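> Spelled out from the first residue to the last, the chains are:
2 protein chains.
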Amino acid sequence: MLAIHWDAVNGWGQPNIKPYGPLQLDPSTTVLHYAQTLFEGMKAYRDDGGKVTLFRPDMNMKRMNNSAKRIALPTFHGDALLELIKELIRLDRHWIPQEPGHSLYIRPTLIGTQRFIGVAPPTEALLFVICSPVGPYYPNGFKPIALYGTTEYIRAAPGGTGAYKLGVNYAPGVLPQKQAAKAGYAQNLWLHGSEHYLTEVGTMNMFVVLRKDDGAHELVTPPLDGMILPGVTRDSVLTLAREHAAGVKRLPNLPEDLVVSERQISMNEIKEASKANRLVELFGAGTAAVISPVNRIGYLGEDLHIPTGKDGMGPISRPIWTELVGRQTGAIPSDWSVVVSE
Amino acid sequence: MLAIHWDAVNGWGQPNIKPYGPLQLDPSTTVLHYAQTLFEGMKAYRDDGGKVTLFRPDMNMKRMNNSAKRIALPTFHGDALLELIKELIRLDRHWIPQEPGHSLYIRPTLIGTQRFIGVAPPTEALLFVICSPVGPYYPNGFKPIALYGTTEYIRAAPGGTGAYKLGVNYAPGVLPQKQAAKAGYAQNLWLHGSEHYLTEVGTMNMFVVLRKDDGAHELVTPPLDGMILPGVTRDSVLTLAREHAAGVKRLPNLPEDLVVSERQISMNEIKEASKANRLVELFGAGTAAVISPVNRIGYLGEDLHIPTGKDGMGPISRPIWTELVGRQTGAIPSDWSVVVSE
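Line by line, the protein sequences are chains A and B. Residues 1 to 342 (our numbering) are what the first sequence spells out, left to right. Residues 1001 to 1342 (our numbering) are what the second sequence spells out, left to right.
Isolated chain A (complex conformation) (with noise of 0.2 Å):
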């Protein structure tokens, strides 16, 4: 693992790369009582030649130093932190699975560490990265999963922290996807106002593809609004969809007529989309699963179905999928994938 303390006369110590093991924590440690925490995912790939990359790292550096800023802990030179993640990479790479779909996960977490009981901003902290073998999320193909369009609870509001990889947008959710799937969801899709606008799919970034009245595909997501994680994935979908939209790099087998949109969508619109016929799918997309197709929404008291391909995946989100995953693991070379080691 990688740690590196802070604090607010000295800035950041020496990085250090060391055996995994346990933090020592004093019980009056401000993470503990007051959540001063933010974290990010990267996955680590090693292709059949032995060469391991990283998908669009820059990102996760970026959005981990707002994250920073929002909950008044430490920012950080990300260039050099990611060169560190490297090292840290490179030394644990025997730990990387080969086989498809399989990965390293990478997680740096920055925590506030000072020992005192009072809510102010920390003058230390510590930043960690420990990284974990994955698996792939669907071994067996896609497997749709239900959404429960969630009025009771909120992920995120205006002026609050959604847009910020903070863990205080985790433990809020926790009760709520249990009730979900005590009723038969898998996870909550997470509504917003009186219009109940679509927001986030569990921790996932949303998108929904529509018919328009012209025959074109509009694939449409909720603008970054500060209530929405500027998801990595997220933004990878927009740009190959725009990039192929604008016919500057075409995506095989993904329909020309396509339109992509950063709007809000609201649960009125995706049931008038479905009477009519027009509602073509909907998925989650996130650095776990990549993306989620998703097949039912259990809206007050009702389900509305939603279409999905004979594989689990859309016409639109297939086509994606697979361009993504390329550049993911390398098989596409692009300029997203860094290279680790060759």
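The hints are simulated quantities; they were obtained by calculation from the structure and are not laboratory data. It should be emphasised that the depicted structure is a prediction, and the values quoted were computed from it without experimental measurement. Idealized CB from N, CA, C, for every residue including glycine. Honestly, I wouldn't trust all of these hints.
To be verified - Capping the alpha-carbon separation at 20 Å, the derived lysine to any residue pairs in SDA-like fashion look like this: (1) A/K178 to B/V1119; (2) B/K1178 to A/T75; (3) A/K18 to A/S132; (4) A/K178 to B/T1123; (5) A/K178 to B/N1065; (6) A/K69 to A/D79; (7) A/K182 to B/K1178; (8) A/K86 to B/V1248; (9) B/K1178 to A/A8.
As the list claims (entries may be wrong) - Here are a few chain B residues that face chain A, going by a calculated C-beta distance under 10 Å: (10) M1059; (11) K1062; (12) N1065; (13) V1119; (14) P1122; (15) A1146; (16) G1159.
Keeping the supplied structure of chain A fixed, place chain B upon it in accordance with the hints.
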């Protein structure tokens, strides 16, 4: 310190009172990533005769269990935990200062301790209680504070966790507080919705006193609508004021024409009352400061001045504070004061 482990298979383990010392936490421990933490704040007082008391500790036990349910941490037998806390205080009673305004601050904390990088209900938890001597919040008389009427950030929202004493409610407030301090205000006045309803002050509940058309005093605090922390001091202020207003237990020097309202109150209403000379006082209420008078609110670029009494407190807060502190320290006998040791 007191420590009790819990796991999903065996339930609560043997309580252990042991010397204060660091916790050994694996870097993957859930509280460090997903903020599965909640706490309470209580005070133990020691009187001239050496008698040690707690103030309404049953309310803390009840609220702590409610907090636990909200983030899927284990609940516990409140009376049993209270007996253990009393035992801890008896062992640490030499730490309780006897000077006026001093007390032993008690911090029960419950954290998720499962070693697992996944968002789920923790299967392991640790409940611990630590103590620290504290002096009076205002050692040299009351100093009224200035508040920054905060519209850029929120503390809570409907469907969120504002009504629970969870760590997640605190980290996001640090940056807004820092910004308020930079602008010359001591704390945030958290406003809600387009009406800018007043909700809380920093980490305290909030009360306003208005003169009504008929000359009566109205003591207003926002209702427990899911966004407001059900504070022990809040409840105590309301109870004392209501018993006085009903004639059940009159408090010395408190105007008899008191009306108690739990209702929403907007910044516009505050401004109008100020203009009409009907704004009597505004104060925060919480375990740390007990009552914290306010003399100024910065709101949308303007400063609104709030009347304060000549020693900082107003005509309603002063007599309530006197009764409350008397009951807390045991100087005024009441069943709110629970004996720990004679």
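> If a hint holds in the structure, say so; if it does not, say that too.
Verification of the supplied hints:
1. Restraint check: the Cα-Cα separation between A/K178 and B/V1119 comes to about 11 Å, which is no more than 20 Å; the hinted pair holds.
2. Under the criterion of a C-alpha separation no larger than 20 Å, the hint pairing B/K1178 with A/T75 is consistent with the structure, at around 16 Å.
3. The hinted pair formed by A/K18 and A/S132 meets the criterion: a straight-line CA distance of about 15 Å does not exceed 20 Å.
4. Only pairs whose Cα atoms come within 20 Å are accepted, and A/K178 paired with B/T1123 is accepted, the gap being roughly 13 Å.
5. For the given pair, A/K178 sits about 18 Å from B/N1065 by alpha-carbon distance, which is consistent with the 20 Å threshold.
6. Among the hinted pairs, A/K69 with A/D79 is consistent with the structure: their alpha-carbon atoms are about 17 Å apart, no more than 20 Å.
7. Taken as a hint, the A/K182 and B/K1178 pair is broken in the structure, with Cα atoms around 42 Å apart against an allowance of 20 Å.
8. In summary, the hint linking A/K86 to B/V1248 is not supported, as the alpha carbons are separated by about 71 Å, beyond the 20 Å threshold.
9. A C-alpha spacing of about 15 Å is found between B/K1178 and A/A8, which places the hinted pair at or below 20 Å, so the restraint holds.
10. A hinted interface residue such as B/M1059 counts as satisfied when its beta carbon comes closer than 10 Å to some beta carbon of chain A; here the least separation is about 19 Å, so the hint is violated.
11. The closest approach between the C-beta of B/K1062 and any C-beta of chain A is roughly 18 Å, which is over the 10 Å cut-off, so the hint fails.
12. Restraint check, B/N1065 versus chain A: the minimum CB separation of about 14 Å is more than 10 Å; hint violated.
13. About 5 Å separates the beta-carbon of B/V1119 from the nearest beta-carbon of chain A, less than 10 Å, and the hint is met.
14. Hint status for B/P1122 relative to chain A: holds, with the closest Cβ pair at about 8 Å, below 10 Å.
15. Evaluation of the B/A1146 hint against chain A yields a violated restraint, the C-beta minimum of about 18 Å exceeding 10 Å.
16. For B/G1159, the shortest C-beta to C-beta distance to chain A is roughly 4 Å, which falls under 10 Å, so the interface hint holds.
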